[in-house]
Amino acid sequence: MKRLLCAALLLSLLGLLSGCGGGQEIEGRLFVIAMAVDPAQDGNLTMTVKALSGTQGTAASQGEEASGDGGSMESTEPGYVTLSATAGSALKALDLLSATTPRSVDLSQLREIVINRTLAETDATLTILREIHALYEANGAAVVVVTPDDAGDFIRRQYALFGVRLSQYLEVLFEHFAELGTIPSGAMLSTVIGAMESGTIDAAAVYAAGNAFDATLVMDGESPTDRLPGHLPRTSPAMNEYLGSAIFSGPRMVGTLTGDETAMLRLISGRALITTLTIDEALYQVSTRSSIRRNLTYEGEQAVLGVQIHIRMSLVGGTQRSTEAELAQRLEQSAQALMLRLQAASCDAVGYGQLAVRQYPDIPSWEQSNWEQTYRQAQVRVTVDVDIQ
Amino acid sequence: MCGEAITLSAVLERNLQCFRERLCAPDNADVLLRRFRSGAFESALLAIDGMTDARRIDENILKPCMDLPASAGEEVEPAQRVAFLMAHAVSILPMKLKDNIDEILSDVLSGQCALLCEGCSMACVMDTRGFEKRAVGRPETEKVVLGPHESFGESIRTNITLVRRIVQREELVTEFLTVGGRMKTRCALLYLRGTADETLIARIRRRLTAIDYDFALTTGEVEQFIEEHPLSLIPQCVRTERPDRAASFLAEGQILVLTDGSPEALGAPSTIWHQLHTPDDASVRWQYGTFLRLVRLLGIAIHVLLPGVYLALLRFHQELFSPMMLASVYESGSRVPIPIYLEALLMMLAFNLISEASLRAPGSMGNALGIVSGLILGQSAVSADIVSPLLLIVVAVSGLGGFCVPEYALSIGLKIVQLIVLTAGALGGLYLIALVLLVLGCALCCTQSVGSPLTAPVTPPRRANPDILLRLPLRWQKARAFFAKHDS
Amino acid sequence: MPNMIPETVLFARIRAAYRVRAVSAAVCVGASVFALGAGVGIPLCLNAAYLAALAALPAAGLTALLARRVLVGAGRFARARHALIGLTLLALALFAFAATVSLVHQTLLPLARISFVAQVSFLFAGLCCATGAQGAPRMTFALRGVLPVGLAALSLSTLSFETAAGLFPLLGTGARNLGLSALCMIAAAAPALLIALPPPELKDVPQRERATPGAWFFVWRVMLGAALGVGLLMVLSLCSTYEGLAAQQTWGRRMLIFCQREPHEGLGETILTLLQALSLLLCAIHGLLGAAQAWQAVWPRLGRGALGGCLLVCALLLTALVVAGVGIARRVAPLLGVPVLLFGVLCLGRRKKP
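Protein chains in written order, with the working numbering: chain P, 11 to 399; chain G, 31 to 518; chain U, 16 to 369.
Bound-form chain P, shown alone (with noise of 0.2 Å):
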């Protein structure tokens, strides 16, 4: 009985030949690295992507231009090719790309996804988020950026500047622009996807620009960081800059933030990874032992939106040139009108309403709870102590 059983399942086996397993050839998938959205006539959408081609060392050539709504392909860098496609909607636009190249397209090894400003201002960003994540199972890990510029030039003009591949180029970019602070941590698609969904917090993306070369490069005693991209005064074969903030409120984007106020954003939120301050031109090393608490309390009807910085640190080079008091006293004004702004623009990115969701029992009562009104009318508290050792 037990071997005619095995061997009516093994004789079943032989369905599995069938080749429904849904496994592909490799060669038989376009692998984006990174993907441009950008808006097009008439509401539609136009989907610029660069992926592998398969090939190394290829003479760059130029594309041939398809009519109406077809895609284009372009190639500019040895292994890389471009492609366009313009739809109603990025799924649609997704599709064409792949009814047009032999390949079908796959989001796994997503390292950018690029959104023009004026796309990222209306609420069609979610949209296009969701659509890629959920149904083309795009990388979680890719990193949303907003540019002012076209943001199909914006790829097609990127490549690996150090190094051979764009891939682990723009990783080792992310993580050095992240580790200086100058980016926002939660900028990943799918940490902006719950963002954006969620009524808690609010998203903020990675805001990046082309620089044309054009600024001086006589620095006026402005922190160097404390700017949009696109207007660096520096020189570099490379034209795209990422600094800053694109921050949403909901799913539409709200305002920007330079890499300083980047930065502080990420102290106040607690997502930090600043190990030395730059002040007055003088190195402060900061202590493990700094802490910063957020907290949100209610005088009355009105709450109040407090943190407490209290930072330890020590000078290791330079000459101290302010007191603990004074550069205590300009980080509460900076941090406070950080607060102003994103209040204004009705973007709580740093998650107070992660803190005021716990006072509410379950979620009918929170959604009733009008928090983003609360969150505009709130008052702002902000508390700085240093600690210079």
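Think of the hints as simulated: they come from the structure by calculation, not from any bench.
Quick caveat: nothing in here was measured; it's all calculated off a predicted structure.
By construction, the Cβ of each residue, glycine as well, lies at the ideal position given by its N, Cα and C atoms.
Here are some of the chain P residues that sit facing chain G, going by a computed Cβ distance under 7 Å:
1. Gly33
2. Ser118
3. Gln178
Since the structure of chain P is already known, use the hints to place chains G and U on it.
Just chains G and U now, kept in the frame of chain P:
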């Protein structure tokens, strides 16, 4: 006439005629039949040329018998004449009295000789084996760095001696059995009385005596007759060519089966863990033994899983590749004209062909074969874009892992498992690989070795020393194996 | 002369057989808690599904306790009880298959046809059953460390300090839905009925010699398994906001442990999903084997045909589910609580004297 006789008669000539008929003498030139006078009566000696030690026969049997005075044995009853010679003339040890013609013939054919006397219906069978045999050499398949370097040979007596030199205990019992159909093979059961479970001894004995096979049996054939699950991919007995390892099996309560003509001992019952251990593990310190064992287990896991997992990742789970590696694989894969599964099968076939060919090739050619096939063919295949370099590396590393399997039979079983896992990875990704491993695991858990679960003591839980996966200190190992006698 | 097994050794082997059985029940309870929680609890309570799943702990413990009483011969209506166990375990197997198919189709093999996933899952489960009644339980016992430790370690590694926000609001969609979900989670105790069936290794050992371990022997293992299932549901809550949970429409996708805030897609997540699928499949296999054993107890003449019959019925129902939609299984699964309650009633009664 002789065909009906079962036992000897008292008439010497009748007995000799019977033996001539049975042995096809005088056509069969190997048959030695010598009549002589021993004291007051006639005697005869039967032996096979080349199987016996002629000098021992001359000096210890013929000469003493023929030197007896003419009146020696006059008053001895005819039925006691053979016993008389055994007591007063023959100086061979061991010797037995037998009257069964088939048994006498079987003994003579194995190299012993038979002494018959006129008027006596018993024969004295003496061990005068003196055929040419290989000297005790070094193990071929169970080489170790530290530890003894002796191995079994083809002579069952020598093999038993090698074991007895290590296990010098009065409880060590050797039972001889003659197994097989028309062509009988001499086997020996070795066990430690009081340590081995009598039920298991009886079970093995019963299975051995039930073998009905007309050709000379080797250890491998004996194993196939006594195992319980002939369809299983995993062997259910452990084989060794090392006397020291065989001795350790005895100490654990296993029963050894030695076959005349085979340089291996079979240990049963056994577990899958026995087949993964090597003598090296015990002869070094526990830290080194544990490390070696973990490396070996890793090698075996790589051997079985790596090609299938690689294929699964390529076809179903590309997101698990790092972008650098994916780009490299993508580029190399784009140039290869055949599907990846076929490519992998071809590579593995080539690897197995090389392994087989290097085994069969004469020694001097073997090294050249490795260089030719490995370097030239492999390099050429990559340059011609027939295979991708990464797959070549995967198959090579997996093949190296296969050489970590201590037991040769198990290594072949695992090669088959490797192919199954490869196919599963190509058809259904990591999920199908997991399903295949689950089924194989369940089948393994149901497999028994002479009534003992093959996967015990891990599952089902049984008493055990901390020596299954990790080789912990010897002073912590105080329990005997679970299949040993319970109060031993 | 063959030696008799001493009493102490026999006792140890009997206890080992019960250990294997208890571990099998524990793994199945954990898997069914997780699958039911993801299938019913999350749509009802969103992020508070783990709270509702806590109801499965006492339910599973009590069912294990009552099942142990059956093992020692207590209660009435033995045949009816075994028939009930057989039906329940068969339904449990179907539920577990549906959960496995949904999870694998939505995560590991998204491009495969669902019929393919169902076919391979069922076929390989059938092969596991066909190897023998002892194969799958022993395999589960061998994995008793790897499965829970792997699941716990890999799922915890996906979390970070910020993920605590996913727990709030604590009561999810409200107390009413929480209560309803808790009632539904009683069905997750169904695998504990396996304990009422004697281990297959002991079928040659007379009843009077089977020294059945105490109730606590089974109860703590089963509750630990249930606790692991609750823990995994908690990790699911921590991984997403409640809005994120509400946005997931498919059962399989809901079971995927993927942290939105700290996405780490890679080998760890794939192995975690594989372990989840393996646990669910083991639950299905044990359900089939248990059902076959129970039906064999009801009709001894069935013999080995009981397993074939259970496989056939399961195959037909699974085919129907695949055609109609595997989501039906998760909606109907809470009804498994009914036979669990009925079983409790049938177990009441004095223990029969041997």
